[in-house]
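**Q** Residues per chain are reported as follows:
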Amino acid sequence: MSTESAPAPQSGVAEDVKQRPRVAVSALTTNLREYGLIIALIVIMLFFQYTTSGTLFKPVNLSNLVQQNSFIIVMALGMLLVIVAGYIDLSVGSVAGFIGALAAMMMVIWPLGFLSNPLVVSIVCLIVGGLIGAAQGYWIAYHKIPSFIVTLAGMLIFRGICQALLGGGSSVGPLPDSFKALSSGFIPDVIGPLTLIPPTVNAAGKTIVGSGLTLHMTTVVLGLIAVLAYAYFGFRTRRKRERHGYEAEPFALFVIKTLVGSALALFLVFQFASYRGLPVVLLVMGVLISLFVFVTKRMTIGRRIYAMGGNAKAAQLSGINTERLTLLVFINMGVLSALGGLIIAARLGQAVPAAGLGSELDVIAAVFIGGASAMGGVGQVIGAVVGGFIMGVMNNGMSIMGVNVDWQQVVKGLVLLGAVIFDVYNKNKA
Amino acid sequence: MTSTILEMRDITKTFPGVKALSNVNLSVEEGEIHAIVGENGAGKSTLMKVLSGVYPSGTYDGSIIFRGQECHFKGIHDSEHIGIVIIHQELALVPMLSITENIFLGNENASYGVIDWDANEKRTSALLQKVGLKEDPKTLITNIGVGKQQLVEIAKALSKEVKLLILDEPTASLSEKDSQALLDLLLEFKRQGMTSILISHKLNEVNRVADKVTVIRDGRTIETLPRKDISEDRIITSMVGRSLDDRYPPREPQIGDVIFEVKDWSVFHPIHAERQVIKNINLNVRKGEVVGIAGLMGAGRTEFAMSLFGRSYGRRISGEVLLRGKPLDLSTVSRAAQNRIAYVTEDRKTYGLNLIDHIKHNVTLANLGGVSSGGVIDDMREMSVANEYRKKTNIRASSVYQLTGNLSGGNQQKVVLSKWLFADPEVLILDEPTRGIDVGAKYEIYTIIARLAAEGKAIIVISSEMPELLGISDRIYVMNEGRIVGEMAASDASQEKIMRAIVRGEGKAS
Chain A
0 MSTESAPAPQ SGVAEDVKQR PRVAVSALTT NLREYGLIIA LIVIMLFFQY
50 TTSGTLFKPV NLSNLVQQNS FIIVMALGML LVIVAGYIDL SVGSVAGFIG
100 ALAAMMMVIW PLGFLSNPLV VSIVCLIVGG LIGAAQGYWI AYHKIPSFIV
150 TLAGMLIFRG ICQALLGGGS SVGPLPDSFK ALSSGFIPDV IGPLTLIPPT
200 VNAAGKTIVG SGLTLHMTTV VLGLIAVLAY AYFGFRTRRK RERHGYEAEP
250 FALFVIKTLV GSALALFLVF QFASYRGLPV VLLVMGVLIS LFVFVTKRMT
300 IGRRIYAMGG NAKAAQLSGI NTERLTLLVF INMGVLSALG GLIIAARLGQ
350 AVPAAGLGSE LDVIAAVFIG GASAMGGVGQ VIGAVVGGFI MGVMNNGMSI
400 MGVNVDWQQV VKGLVLLGAV IFDVYNKNKA
Chain B
0 MTSTILEMRD ITKTFPGVKA LSNVNLSVEE GEIHAIVGEN GAGKSTLMKV
50 LSGVYPSGTY DGSIIFRGQE CHFKGIHDSE HIGIVIIHQE LALVPMLSIT
100 ENIFLGNENA SYGVIDWDAN EKRTSALLQK VGLKEDPKTL ITNIGVGKQQ
150 LVEIAKALSK EVKLLILDEP TASLSEKDSQ ALLDLLLEFK RQGMTSILIS
200 HKLNEVNRVA DKVTVIRDGR TIETLPRKDI SEDRIITSMV GRSLDDRYPP
250 REPQIGDVIF EVKDWSVFHP IHAERQVIKN INLNVRKGEV VGIAGLMGAG
300 RTEFAMSLFG RSYGRRISGE VLLRGKPLDL STVSRAAQNR IAYVTEDRKT
350 YGLNLIDHIK HNVTLANLGG VSSGGVIDDM REMSVANEYR KKTNIRASSV
400 YQLTGNLSGG NQQKVVLSKW LFADPEVLIL DEPTRGIDVG AKYEIYTIIA
450 RLAAEGKAII VISSEMPELL GISDRIYVMN EGRIVGEMAA SDASQEKIMR
500 AIVRGEGKAS
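Chain order of the listed sequences is A and B. Be aware that the first sequence starts at 0, since it is given in numbering that gives the first Met the number 0, and climbs by one per residue. Be aware that the second sequence starts at 0, since it is given in numbering that gives the first Met the number 0, and climbs by one per residue.
Hints are computed from structural coordinates only; laboratory data are not their basis. Just so you know, not all the hints are guaranteed correct.
Unchecked claim - Here's a subset of chain A near chain B, in silico, CB distances under 8 Å, partners left out:
hint, residue
1, K239
2, H243
3, Y305
4, A306
5, N310
6, K312
7, N320
Virtual Cβ for every residue (Gly too), placed ideally from N, Cα, C.
Chain B on its own, in the form it takes in the complex:
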């Protein structure tokens, strides 16, 4: 009954010096949701770029057969023409244009170059209804959240009469709620007979929606699992080539006295001055303790952390921060760093790294004083520092002179971590430290966190992945709508309890 809609045979793609894909085979049945999983750098995105014509026919070996015909795409236009549409992780929307303008960008309903806006908007409304987005088609993209933007991308794909929809990490920057909605939408499309390929790191999502899972490792297809064999453990084993008995490194917490305390912390929105974003937060961290902050996206966790760290967010900030009982001046980032507080951002590309510079310069940036005297940098000392931290955090690169822009997500994260470790903080705030990185690298990050705690540092971890928080924290605060709505020891916390705290908090707030 089912027929194969897409077959990729023996795809081999070589970059100068590196074989990114070797003899990859992929076969997708009509009407299924086919997940592709693999570590960062395994070759998933490269494979999709081959499929969508980003790498034109002739730059790779092997063949692509779509609906029984061999295809030679010269560019994205060719692949879209026959109904293969890819939605990249980084959304390709123009922020200052409306939803309608974005959906029909380059594909406008026009005669002789004159656009029929009424027709476009009518079609947009229909498309938005299909994806379940209740927004005026005239709304600017910049005024809607990431979750809704993702839906606009999907609506855009639908406008092109898509036969095969490819989603590259669609939920990477979505909240739990939005992610669920998106996955439901995928299932709905499936019922209507559409075929999709889903690339994801989140195995629970794959588990939930996928009919088949193809695992790619080191540029090779490892196996394709049918629905009945899909389980997280099975996939992880296949992805990393070994079984991860424990996804979190074991540790024996040695918790001392309270060293870091925040009292009555309140912050107002930087633009809408009357809106209070953070509402009287009180929390503390003990020496050697890993404290998690759980919550949904938009709960105000990042805003809280950034307002603490050199007042990098918000205005009319009030409250007190104590280090070992003494009031602490965190009014600028450099003062915060001098007072040995570090904040590792959730968005390493935008806020964490200078992507056009190499590892060495990135690692020392937050503590240039540590490698210089009298404003003059000691090149040799900088070199040995960079190498030391490269070893400590296990950054995989050919040398410290590799540009950080060319590193995989996990290795980039390790560079950002190294930067702040070299600043020698006592209190370390890690915001989504494992977002968008693969299972193997996650384990390494957890190991580093455990080691830092063992060294007696106080660590705050903000994460949207509840299993991760449960796995690595000693104590968990739950945040919702700018306030702390729960506090529990990790030993008697569970995903359910955290969710319940959030829901109860929501009730209170309204």
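Chain A extracted, bound-state conformation:
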């Protein structure tokens, strides 16, 4: 009876008749909501490009931007699942800090022999992260203790351990260069650089024509492959959907979408290629993002997480082991927090007691800006990633503009509130 307020169309017949002309409009509006966030990101980027007089898009700054924000986005992937499942994790910043400290101690201080090899240390740290996630998830899943409380405790505990491990206020470093490459490294150019328009130099040694722009060819090739794959798979999926009688978006919209997306990607690839190539951490992030998109969109485990967040009791009565699923979601969060911690330590080149301090809030904000619901059951990986970049670009842009850190927080808070209000408003209108 309560559903009566918005009566469902009683038959499909009347709908079908007027569907044709409405398809284009409805596809546009639904897609606008879907891509609204990406458009918002682009607008914000253009705004800062203007206010920083072109610094934002400079190749070196783009690399910085990615390196500064990658840990937020990596952790946001885990947080998205946590929030979609209907929980929250406040401990991620502290866990990241603790893992950074652990990694530094293992590599620099403790006499572990070959075990202090950065690769071994990283693997151990990821496992420890998973164990921390399991420990917290256990209480949440099997004893039904609210995640807010368990992870609030975790936040205090792991920050404390992090500081104790580093011996009070001191920092531990320097970390080996091979470890730092995780964050500040670039992929090697296996193909070799290509110089566009070789500079012509006059007798006095001055350049007359040509910029001497050198491109990192491996980056260019990887970028081209990625863009082609994006267009190809987009087209193939579309054809497949049409064959199965799906309502497809209009072809023109699809083409525009693909072209704009590709152009944007190629522009970024070009910028990276003209600097030192693709940052390693961007590659790591890209792989993880693709993996999580696939898991949430295509895999049964992803579907089950959404179902659990939407209605845990119904999911349980549909044969879903909600306890184990909750545990897995927190283990995943723990591993990604650990990875975030490694990335922070690698970027700083040392472990500091305050590493990751407060970053749980940035991570959670990224997920909510990305359109996830605090009630669970709703949220997209791409949304969280774009939300993370929105936060990152604002941090970066405002820093270049010289905006005071205090005011940066105010602006970020307003953006978070605005994004969620916009979402709620949109939902009520629909």
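Assemble chain B onto chain A, guided by the hints.
**A** The following block gives chain B in isolation, referenced to the frame of chain A:
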């Protein structure tokens, strides 16, 4: 002598794209019980929301005249102020507050914000006496049953000096006994001169108490029947726009051997561990047979079914379940589903559906393995499965991408049914499969049940509506206080016989 207390004229309410009400007229006389009936989605609740100001004046066309004055309500507060009080189907009580606190919530006897609890409790006692509820005013809402909660809602309405009481499906979740008590209370109020509007699906109740019946269909008033013309058949004809010669689809049962057997099933209460909820139940179902379980609310039927199904209820469960003579492991829901047992819950919103997701995802949820390989979902296969079941169970929706939260009760029920049909069970336990859904949708559900039985499935139907059980079952078990107190072939069962079995069982138990 009688005068018109309420008149709603030409009410038209449009939602984006849908006309929910068009030129609805309703006229209620002072001191009568006026029933409003109609299928789900007919517009009854929308009409009541217009009347109570949930949809403020200006968002609809037409006029409301209450006691001779045209009203323009801006919100519920306005309508309550002049004595129109609506009690919604989903009760609006705060579980962790006491009866007194709930009754005077937002309306406390207070001076300068300081509440006079003695005065409140005194008034509460008086109100509770009026509605015939014997409870301490300090009792928390969460500690009393749904039937009593309903009475608290009515007491709350009385505290507001109600002139017109609107009850939206008041007996939907009440037991037979509580329903009768509630209807008696309505009649008592009538004697005292109060006017009520009763929205109900249960035509026998309407038949019993209503002075007039207004039938609404597809957002229009069809007719208003005076007392002398009220009969169930007449109302049904008017509600569905055609006559339902038979409320139950005809079927020729082809019953085979016993395939599902429960032996000595006992269950204890999950919290009060010493309380035995289910006491040594034995039952069996044959291939192609529809077995009904009758009983009053609280007889333990749902608890029995849920304890069977993956031990979703209770503890210290003992007993044996056999499928074709072989012991069956039902220790978790997924094992039960793998062993082809399905349980369709009585509470589809809380236990059956993910309301914020669409039909497609809900239909495949219990059998994701059926649309995936290696943990990867095949989108196209899922799509065709969803469409197939949408057609099979006749789910009325614009597409499989409609959110289940926006469907009417009957269509939601069909989605839950589809979910379990796709899991391909051999034994299907349906708990109150037609609760809160309209006559037309009920018939469709019955048809599906008949078809499943014809396909050779074993079906258990739990229902509080005895005519329904008599209409669709081949054999009926009667349950009371956690035990089976009777078993009869549907052909020689009757409502009387079932009641007698329950009463006799009660005698035995005490």
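**Q** Are the hints correct? Go through all of them and say.
**A** Comparing the hints with the structure gives:
1. Restraint check, K239 of chain A versus chain B: the minimum CB separation of about 7 Å is within 8 Å; hint holds.
2. Of the supplied interface hints, the one on H243 of chain A holds, with its beta-carbon coming within about 5 Å of a beta-carbon of chain B, less than 8 Å.
3. Interface hint at Y305 of chain A: satisfied, since its Cβ lies 7 Å from the closest Cβ of chain B, which is below the 8 Å cut-off.
4. Because the beta carbon of A306 of chain A sits about 5 Å from the nearest beta carbon in chain B, less than 8 Å, this interface hint is met.
5. Taking 8 Å as the C-beta contact cut-off toward chain B, the hint placing N310 of chain A at the interface holds, the least distance being around 5 Å.
6. Evaluation of the K312 of chain A hint against chain B yields a held restraint, the C-beta minimum of about 5 Å falling below 8 Å.
7. Here the hint on N320 of chain A is kept, as its CB sits about 7 Å from the closest CB of chain B, short of 8 Å.
In this structure, every one of the numbered hints holds.
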